[in-house]
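Trainee: The chain contents come next:
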Amino acid sequence: MRIGVLAIQGDVREHRRHLERLGVAALEVRRPAELSGLAGLIMPGGESSTIGMLMTESGLLDALHAKMAEGFPVYGTCAGMILLANHVQGARGASPTWLGGLDVTVARNAYGRQVQSFEADISVSALAPEPVHVVFIRAPRILSAGSAVRVLGELDGEPVLVEQGTILASSFHPELTDDLRIHRYFAAKALRFQEEVAAQPAR
Amino acid sequence: MAQQRNQREQGTAGVKTGLAEMLKGGVIMDVTTPEQAVIAEQAGAVAVMALERVPADIRAAGGVARMAHPAIVKAINAAVEIPVMAKARIGHFVEAQVLEALEVDYVDESEVLTPADEQYHIDKWNFNVPFVCGARNLGEALRRIAEGAAMIRTKGEPGTGNVVEAVRHLRTVLGEIRRVTAAPAEELGTLAKEFGAPLELVRRVREMGRLPVVHFVAGGIATPADAALMMQLGADGIFVGSGIFKSQNPAAMARAIVRATLHYNDPAVIAEVSESVGQAMAGLEMSTLAQSDRMQERGW
Numbered sequence: 001m002r003i004g005v006l007a008i009q010g011d012v013r014e015h016r017r018h019l020e021r022l023g024v025a026a027l028e029v030r031r032p033a034e035l036s037g038l039a040g041l042i043m044p045g046g047e048s049s050t051i052g053m054l055m056t057e058s059g060l061l062d063a064l065h066a067k068m069a070e071g072f073p074v075y076g077t078c079a080g081m082i083l084l085a086n087h088v089q090g091a092r093g094a095s096p097t098w099l100g101g102l103d104v105t106v107a108r109n110a111y112g113r114q115v116q117s118f119e120a121d122i123s124v125s126a127l128a129p130e131p132v133h134v135v136f137i138r139a140p141r142i143l144s145a146g147s148a149v150r151v152l153g154e155l156d157g158e159p160v161l162v163e164q165g166t167i168l169a170s171s172f173h174p175e176l177t178d179d180l181r182i183h184r185y186f187a188a189k190a191l192r193f194q195e196e197v198a199a200q201p202a203r
Numbered sequence: 001m002a003q004q005r006n007q008r009e010q011g012t013a014g015v016k017t018g019l020a021e022m023l024k025g026g027v028i029m030d031v032t033t034p035e036q037a038v039i040a041e042q043a044g045a046v047a048v049m050a051l052e053r054v055p056a057d058i059r060a061a062g063g064v065a066r067m068a069h070p071a072i073v074k075a076i077n078a079a080v081e082i083p084v085m086a087k088a089r090i091g092h093f094v095e096a097q098v099l100e101a102l103e104v105d106y107v108d109e110s111e112v113l114t115p116a117d118e119q120y121h122i123d124k125w126n127f128n129v130p131f132v133c134g135a136r137n138l139g140e141a142l143r144r145i146a147e148g149a150a151m152i153r154t155k156g157e158p159g160t161g162n163v164v165e166a167v168r169h170l171r172t173v174l175g176e177i178r179r180v181t182a183a184p185a186e187e188l189g190t191l192a193k194e195f196g197a198p199l200e201l202v203r204r205v206r207e208m209g210r211l212p213v214v215h216f217v218a219g220g221i222a223t224p225a226d227a228a229l230m231m232q233l234g235a236d237g238i239f240v241g242s243g244i245f246k247s248q249n250p251a252a253m254a255r256a257i258v259r260a261t262l263h264y265n266d267p268a269v270i271a272e273v274s275e276s277v278g279q280a281m282a283g284l285e286m287s288t289l290a291q292s293d294r295m296q297e298r299g300w
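Taken in order, these protein sequences are the chains called A and B.
According to our numbering, the first sequence is numbered sequentially starting from 1.
According to our numbering, the second sequence is numbered sequentially starting from 1.
Honestly, I wouldn't trust all of these hints.
Label-pair distances were calculated between CB atoms; the ranges are [to be verified]:
#1 B/ALA185 with A/GLY165: 47 to 55 Å
#2 A/GLY59 with B/GLN248: 42 to 50 Å
#3 A/VAL151 with B/GLN42: 44 to 52 Å
#4 A/GLY23 with B/HIS69: 30 to 38 Å
#5 B/ALA71 with A/SER144: 33 to 41 Å
Hints are computed from structural coordinates only; laboratory data are not their basis.
Yeah, the Cβ is synthetic: ideal placement off N, Cα and C, and Gly gets one too.
My request is simple: use the sequences and hints to build the entire structure.
Mentor: Here it is in structure tokens:
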């Protein structure tokens with residue numbers, strides 16, 4: 001199975017390393033054509049405004065949007081979650097929506113500036129009982145989530161890991177610590193998608 | 001049902017180096033006003049560096065160059081969503097404390113400003129805010145990391161628009177890393193002594209095959225092709241100081257350098273983006289710089 005890592009900007013290397021440690025082939029994606037043959041895509045941390053702008057310019061945003069409509073699995077961490085959110089708030093009002101598809105409203109940098117960035121243990125019901133140790137860096141905060149969104153992980157009662165169909169998103173960075181469970185969880189989604197595609201009659 | 005509040009650890013090494021990881025592949029731009037910061041953000045900068053004057057103007061004005069005025073830092077913090085960095089003088093830990101209190105996202109202990117201490121750098125472990133520091137070679141980089149730097153930028157020669165020193169310093173660091181990775185274990189102690197670097201960090205370099213923290217380049221990058229050159233040579237990302245706001249059309253130059261940094265392996269894209277940028281900043285030949293005017297010599 002091959003999973004792509006969006007390689008416009010950000011911590012691409014760390015996501016690749018996690019996938020490779022799971023035995024998954026990790027491919028860097030910069031152009032629309034590089035999406036073909038993938039079972040899923042991870043969008044790393046970085047600056048959402050930079051990544052979104054460059055994805056738009058290269059046509060990657062439209063190409064990925066079309067694939068997601070067919071159920072293509074995507075996992076967004078931090079900036080990646082901002083790209084997936086249906087509504088984005090900045091400090092000075094609404095920020096642009098990029099891909100959309102995840103029915104949440106997120107606020108950029110709403111856990112504070114870098115001096116307030118932190119590490120924490122979060123409990124994830126699907127991965128219980130051991131908590132997952134993760135890093136929040138100028139993290140986006142999920143302010144509200146629609147009824148189709150399932151909350152998988154919380155910090156102080158607020159959602160920080162959510163899924164909707166084949167979309168997975170987290171405020172935090174599981175790729176900066178050694179725990180592979182969240183990547184394994186996403187890889188399972190990608191494998192199901194790949195098997196469903198293979199089972200479809202050829203058109 | 002009472003929810004127990006999760007323990008949050010701030011200012012950890014993971015948190016400090018983590019932000020630098022998020023900047024990789026990006027361009028960090030010097031800005032002196034909130035308006036310039038917005039231009040940089042809209043062009044796709046991953047962070048801005050707030051300062052009073054860009055290096056070319058510091059060079060021209062002479063005198064003592066200090067931390068930016070707090071009012072400028074605050075105004076820039078309020079103007080953009082992307083991270084804001086700011087420079088403190090080498091060894092001036094109170095300027096760094098002030099910048100931390102202003103909640104900048106990264107402090108650059110920088111040779112572009114006039115050093116406050118000619119013997120000692122800041123003890124960067126004492127801070128929650130992460131630091132980036134300049135280096136010209138592997139030993140200098142590892143000494144800064146030993147003092148707590150969470151990110152390194154090779155120095156180049158700031159404010160010159162001449163990429164030659166940036167190339168020299170990046171090639172020097174990468175060449176020395178190759179020496180470390182090729183060396184058998186028993187030679188590492190002697191290499192550490194030669195580089196003036198802690199043995200533990202030399203071992204880390206050997207294990208990782210690169211610097212233990214994110215490695216950007218700075219000092220003289222003035223065109224999209226300059227940025228792509230540094231990326232092809234192996235930089236994790238680019239600092240552009242005077243190169244943007246001393247050029248003829250800063251917004252176009254900023255956008256072009258961002259695109260060239262992403263598509264650094266695609267000469268057709270670099271050609272295309274270079275067409276739209278107008279005149280780059282005027283450059284300085286190194287031999288015209290007096291030894292005392294070379295900012296890269298500051299720091300030890």
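Trainee: Each hint needs a verdict: does it hold in this structure or not?
Mentor: Structure-based check of all given hints:
no.: 1; hint: B/ALA185 with A/GLY165: 47 to 55 Å; in the structure: holds, 51 Å
no.: 2; hint: A/GLY59 with B/GLN248: 42 to 50 Å; in the structure: violated, 30 Å
no.: 3; hint: A/VAL151 with B/GLN42: 44 to 52 Å; in the structure: violated, 34 Å
no.: 4; hint: A/GLY23 with B/HIS69: 30 to 38 Å; in the structure: violated, 54 Å
no.: 5; hint: B/ALA71 with A/SER144: 33 to 41 Å; in the structure: holds, 36 Å
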